[in-house]
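Heads up: the protein sequence lines correspond to chains A and B, in order.
Each residue of the first sequence is one higher than the one before, counting from 7 in the numbering used here.
Each residue of the second sequence is one higher than the one before, counting from 286 in the numbering used here.
None of these hints come from the bench; they were simulated from the model.
Don't take each hint at face value.
Claimed, not checked - What the simulated footprint calls covered on chain B by chain A, stretch by stretch (three residues with Cβ under 8 Å from a Cβ of chain A suffice, anywhere in the stretch; the number is not a length): (1) 335-344; (2) 420-426; (3) 460-471; (4) 513-522.
Stated by the list, open to error - List time: in silico BS3-like cross-link candidates among lysine-lysine, alpha-carbon distance up to 27 Å: (5) 409/B <-> 47/A; (6) 150/A <-> 138/A; (7) 150/A <-> 170/A; (8) 57/A <-> 80/A; (9) 479/B <-> 57/A; (10) 150/A <-> 162/A; (11) 479/B <-> 43/A; (12) 501/B <-> 487/B; (13) 409/B <-> 488/B; (14) 409/B <-> 43/A; (15) 57/A <-> 67/A.
Just so we're clear, the structure is a prediction, and the values are computed from it rather than from any experiment.
Ideal Cβ placement from N, Cα and C applies to all residues, glycine included.
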Amino acid sequence: MGDGNPLSALGIDLNFLIMQIVNFCVLLLVLYLVGYKRFLKTMDRRAQLIKESLEAGERAKLEAASAEQEVALKIEEASVSGQKIVEQASKAAEEVRRRVESDARKEAEAIIEKARAETKREKEEAMSELRKEVADLAVAVAGKAISQSLDASTQKALIDNVMKEAVSLGKG
Amino acid sequence: MAKKKGCLGCSLPVAIIILVLVVGVVVVGMLAGPIGQSFGITGLPSFLGVSQPHPQLPAETVFHIFSFPITNTIVATWITMAVLIILFAAAFSRSRLIPTRIQSVVESLLGFVYNLVTSIAGEKDGRRFFPLVATVFLFVGFNAWLSLVPGYGSILIHGHEGEAELIRGANTDLNTTLALALVVFGVTEFMGFKRMRLGYLKKFFIFGGMISAVKKLFKGKIGQAAMEFVSGFISFFTGIIELLGEFIRIVSLSFRLFGNMTAGEILLLSIAYLLPFLVPIVFYGLEVLVGFIQALVFAGLTIVYISLAVASHSSEEHGH
């Protein structure tokens, strides 16, 4: 242990000194490989993650604000376009109503006109038939008058008969 | 809220009994030891006393490996190394972003050192020197704390030089503290030369003032030359003191740690000898704190010395 060395009284020995230096260096190396490297890496990763999370949070906040703005804008647009659609629809409905009404009126008029024409035609037909019947009766009466002489009362009864028949025909 | 009666959470009679027991144990221990003997009290069982400590400065050889002697402080160094490596392996073998319990304990310790280092040397240099400073801190601290574990200084073996402790706190051996100081010195000077090349020597050998004085002397400005020579000589002298200071750091670092730790150990041995029961616990607590402070001082000075060597480089650059 180097008894001749003046430092040996304090216990200083070159061999032990070198050994302790080597021990410390080995410890430093092993701890660096086992711990410090991973510790620094983990710290960096953690710092990065926190930074990213904060950034993402900030971004999300901005996105949410912009989305909110967009939604508000869309709602306004939708409200405006909805109003337009309602206006257009009510206009179209009004148009349809007017058209339907006018068509219905026209149709009703046409039906009335047609009914009127039909009535007129039927009346004319009845009149012409009546005329024809009356003519036939007149011919028959004339034939009878011709074939027999009639007294004044018979003649009157005959005419009344003819007239009655004519009236009943006109009613029928 | 009901008010607690008594003392220290116990009822008063229990507290009094505990107090009497504590005082009794302390007094019996005291009387069984040298204090009792000095009062002429004998006859107490010998197991109540603690044998007289024989503090020894040099570490003792406890066994040989291939004829190379191994001292008890080297054994303690290996134990510290093993404990630290196992602790790190357990903490960082599966290093996770969300730390496990042991990982968070070790990380908080390392985080403390990391903050210390970066606050002194800045982020970039601090990060570079962090492994060295952290190892110094942990090595010194764990050497001190582990030396308080039962078994250190209490297991005796019969070696070549008589009875010796099998394990003795590594910090109580000058070889350990000197080795640490030499490593710190080596790294400091290496960093100084690495950053400044030979310009690092300008910090210690300041001839600028004297050369300028000689130039003025040749120009015939004797008065100015004399003034500059005086200031140049003072600068030169401070440079030499600075150079001596670099080497004195080795002594101051190693002897501060060695002195504090050895004194702590002797204090514990003496207290255990005089008052063997309960009282040493207080001093064990004190030594835990002393170990932390010494580790912090050694680690702090390490980073201060290195950053001074590095900072002188940047100030030199700014000067140009």
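Each hint tested on the structure:
As drawn, the region 335-344 of chain B meets chain A at 3 residues by the rule of a beta-carbon pair under 8 Å; at three or more, the given contact holds. Using a Cβ-Cβ cut-off of 8 Å, 3 residues of the region 420-426 of chain B lie near chain A, which meets the minimum of three, so the contact claim holds. Given as covered by chain A, the region 460-471 of chain B passes the check, having 7 residues with a CB less than 8 Å from a CB of that chain where 3 are the minimum. Note: the region 513-522 of chain B has 0 residues with beta-carbon separation from chain A under 8 Å; the three-residue rule is not met and the coverage is violated.
Distance hint between residue 409/B and residue 47/A is fulfilled; the C-alpha atoms sit about 15 Å from each other, no more than 27 Å. Between residue 150/A and residue 138/A the CA atoms are separated by roughly 18 Å; this keeps the pair inside 27 Å, and the hint holds. Distance hint between residue 150/A and residue 170/A is fulfilled; the C-alpha atoms sit about 17 Å from each other, no more than 27 Å. A C-alpha spacing of about 34 Å is found between residue 57/A and residue 80/A, which places the hinted pair above 27 Å, so the restraint is violated.
Between the alpha carbons of residue 479/B and residue 57/A the distance comes to roughly 35 Å, so the proposed pair goes past 27 Å and is violated. Note on residue 150/A and residue 162/A: the hinted pairing holds, with a Cα-Cα distance of about 13 Å set against a maximum of 27 Å. Proximity of residue 479/B to residue 43/A is assessed by CA-CA distance (about 23 Å); at most 27 Å being required, the pair is judged to hold. A threshold of 27 Å between alpha carbons decides the hint, and for residue 501/B with residue 487/B the separation of about 22 Å falls inside it, so the pair holds.
Distance hint between residue 409/B and residue 488/B is fulfilled; the C-alpha atoms sit about 24 Å from each other, no more than 27 Å. For the hint pairing residue 409/B with residue 43/A, the CA-to-CA distance comes to about 15 Å; that is within 27 Å, so the pair holds. Restraint check: the Cα-Cα separation between residue 57/A and residue 67/A comes to about 15 Å, which is no more than 27 Å; the hinted pair holds.
Checked against the numbered hints given earlier, this structure breaks hints 4, 8 and 9; the rest are met.
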